[in-house]
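**Student:** One line per chain: the protein sequences are C and S, in this order.
By the count of this note's numbering, the first sequence reaches residue 647 at its end, each step adding exactly one.
By the count of this note's numbering, the second sequence reaches residue 234 at its end, each step adding exactly one.
In case anyone wonders, no lab produced these hints; they're calculated from the structure.
There may be inaccurate statements among the hints.
[As the list claims (entries may be wrong)] Derived coverage of chain C by chain S (criterion: at least 3 residues anywhere in the stretch with Cβ under 8 Å from a Cβ of chain S; other residues may be distant):
1. 482-488
2. 495-505
3. 520-526
All C-beta atoms in this analysis are idealised placements derived from N, C-alpha and C, irrespective of residue type, glycine included.
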Amino acid sequence: MKKLTENLGAKITAIILSFIAFAAVCVSAAAVIFLLDSDGYTKTRDEIKTDIMENRIGNGHIYNILEVYESGQSVENYCDMQGIYYTIEDYKNGGVIENNYTGQSFLVQKRLLNMAVYEERAYEDENGDMHYTTVERSPVSVTVYIPREALSGRGQLLLNVVDTAYTVRYAVLVILGVSVVMLIVLLCYLYAAAGHRKGGVVALNHLDKVPFDLLTAAVGGIAIISVLLINEAAFASDLFLIVVLAVVLSLDYFVALGYTLTLATRLKTRTLLKNNIIYKLWSVAAKGFKRLFSWLKYLFRSIPTVAKTAVITSAVGLFQFIIIAIFTYYPVERTLLFLLFTVADVAVIISLAILLKRIKEGGEKIAAGDLEHKIDTKYMYGDFKDFADSLNNINEGLSVAINERMKSERFKTELITNVSHDIKTPLTSIINYVDLIKKEEPENENIKEYIDVLDRQSSRLKKLIEDLMEASKASTGNLAVNLSVCEAGVLLSQTVGEFDGRLNSAGLIPVVNIPEKPVKIMADGRHLWRVFDNLMNNICKYSQVGTRVYLDLLESDGKAQITFKNISKYELNITGEELTERFVRGDKSRNTEGSGLGLSIARSLTELQNGSLEIDIDGDLFKVTLNFDTVKEEVKNGQGKLREQSC
Amino acid sequence: MYNILVCDDERDIVSALKIYLEAEGYNIFTAYNGNEAVRSVEDNEIHLVLMDIMMPECDGITAMVKLREITNIPVILLTAKSEDTDKILGLNVGADDYVTKPFNPVEVIARVKSQLRRYMTLGGGKITEPENGYTIGNIELNNKSKQIFVDGEEVSLTPTEFEILKLLMKNAGEVLSPKEIYKKVWGGEALGAESTVAVHIRHLREKIEINPAEPRYLKVVWAHGYKMEKGDKK
């Protein structure tokens, strides 16, 4: 079925067949209607013929005969000329007056009874003037017998048609049924196949692209022209009428088929509504209206409240006043009084608008975060005062809540800062005295070993405290971030240079991939360096000796992506997400150096610079991806700002 | 023999510093709060002060202000606060350098030596003629003899390191990108060799800076390049 709907040959065949079926339907339907109209299925052939001819012929012959009879000329001569037969009888007394019918075969008999017969007589009066008078004679009955031969060519043709139609009267029923079914089936197929092309797509052809309303108008025009043409042709000869009918109906069929087919395609592709001139005009107009409306709205908004109110109320008041002044018959004093009232109304409304404006501006300030703002309620009264007071109260409540919140945040960071500060002082002593002991010659060899432990652990404690402070600041955002245009590629190569020695001693081979074109991002160079520093420290600490470390910078679609890839020394039975939590390390035993804060700090710092940090773990492959938006335009004063940011 | 005043409210730290500095041959005076420090400087001939910021009675910043009213000797601040604002505050009220706690004793000694040399022998602000070389702070570059002196001691640099340092000192205060440095020192386009520049600068920092992670002169402007500080603001 799919194949068939896409086959062009099948479609053309179907169109031709449907036209044949349509022609068959037209012809057979015409025949059936004709037969039904002339009782072709109940009467005999001759009865039909007689009926038809009786209707067609009328009483013309009888009136002609009567006229001839009245004038006293020979009726027989007239009838001989016409090839018909007649009988004239006396209506009252009966009995034939004259006739030439002696039992000849005839097709139609027409008879009229009680026909009045008048005779015109002329006489001369005493003055010698001529006078005419009509004398009524006794009425007659006239019968005419019209044989087949007496019919005109058209009548003969009609009889032949009746003959043929009668012969095929049952066959046409069958033909009609079959052709109707065939037409319906073919049309169904054509509508189903409309628009389908090879490869299962529904596509529009040239006709389908014509605006539908234009097409409808054209089809309507054709229909009207067709009707007019047939109407005109109906007065011409039968043959001409038939030819015109055939041509016009055929053309109309194709027009209608095309029209309905494109309708089907449009319904399928849902372009029926859109592809209309009216629709297009409307949508253009609607867009225009929309723009006009939004412009008006914008205009209305940009006018200050008080001015807006003043303009509108004054306009309304003036309008009222003009209407009253022109269309009423109040005396002048009353009109002036009315003007006074209007002015008073306008004044009251404007004063209300001023109060409203004050409250509105106060509300906007509070919404914008100005919690210190107080609405001045000095000249307010009633509901306005209540409203302004409650807004002021909300404001106070809000600022109290926010102050509390800020206080507790500050307290938290201060606590961590102070505690680590207090720890640092004793730690300084520990580190220094451990160092001093190391310089002494110990009596016992064990002491040397113990001192090394103290040395190592105190350095670790130092690092831990520093990281804790940094993590606390980074995660609460309690850190100054100065974003400026930075070159990610430069930072990456700087980082590789800084870590060159450490990578070498850890037995790692860096593979760096930086594009030739500078990749510019918005970041704080020092914080971004801390992120890279932490990540590289991790790599140096936890990478398998002798493996490669891949550092890539990529730019695509306005995004800069920096990836750090290394092979882990230890088995990583942990997810990337867990690793950025505070105090989590790849090895759960926590025996190695480091605080477990590095990745957490890196992530917080990255997020502070509007970037993102993701960790992927695939077997032993450890991959950190940093994403930043790139900067498109060159920032001119960027260079000047950078100088203050050296570390 | 130089006299050094060590001032911290934590007696253990004072003793530890005293041990280290005496081992270097310095004469040590001690104080345990800001007022004592000021008095000690008034009464004795002190050449350098090492002072904590957070102290009871009179803190380091207040003492610093008082000290600057009477003397011009170098002052190194010891601080447990590693906030940038604290460092800036300390330097602004007249300190010459700072060390953050917990400190490395070797670093403290290096900074003490550096400050003393600058104060006692160089007298500050001496500028070598450009044709002979450049001097920035305690770093001296002699273009003729191809020698580098840091705090008066000669440091041996590779020819590449020397060229990089010369370039940066010539353009002191200006940020140079790794590409520019490569172009001027090696000649030709870098073509992905920018990290070579970074490696050399890292080595250079290790040679000329007391603490390469917190350089005084050769600064890393992350994500942009490198620059040499333009000497002292004083």
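**Student:** Check, residue by residue, whether the stretch 495-505 of chain C contains three or more positions whose beta-carbon lies closer than 8 Å to a beta-carbon of chain S, and give the verdict.
**Tutor:** holds (count 6)
**Student:** Has the stretch 520-526 of chain C got at least three residues whose CB is nearer than 8 Å to a CB belonging to chain S?
**Tutor:** As far as the stretch 520-526 of chain C goes, the hint holds, because 3 residues have Cβ atoms under 8 Å from chain S.
**Student:** Under a C-beta cut-off of less than 8 Å, do 3 or more residues of the stretch 482-488 of chain C approach chain S closely enough to confirm the stated coverage?
**Tutor:** Contact hint for the stretch 482-488 of chain C vs chain S: holds, 3 residues under 8 Å.
Consistency with the previously given hints is maintained throughout, with no hint failing.
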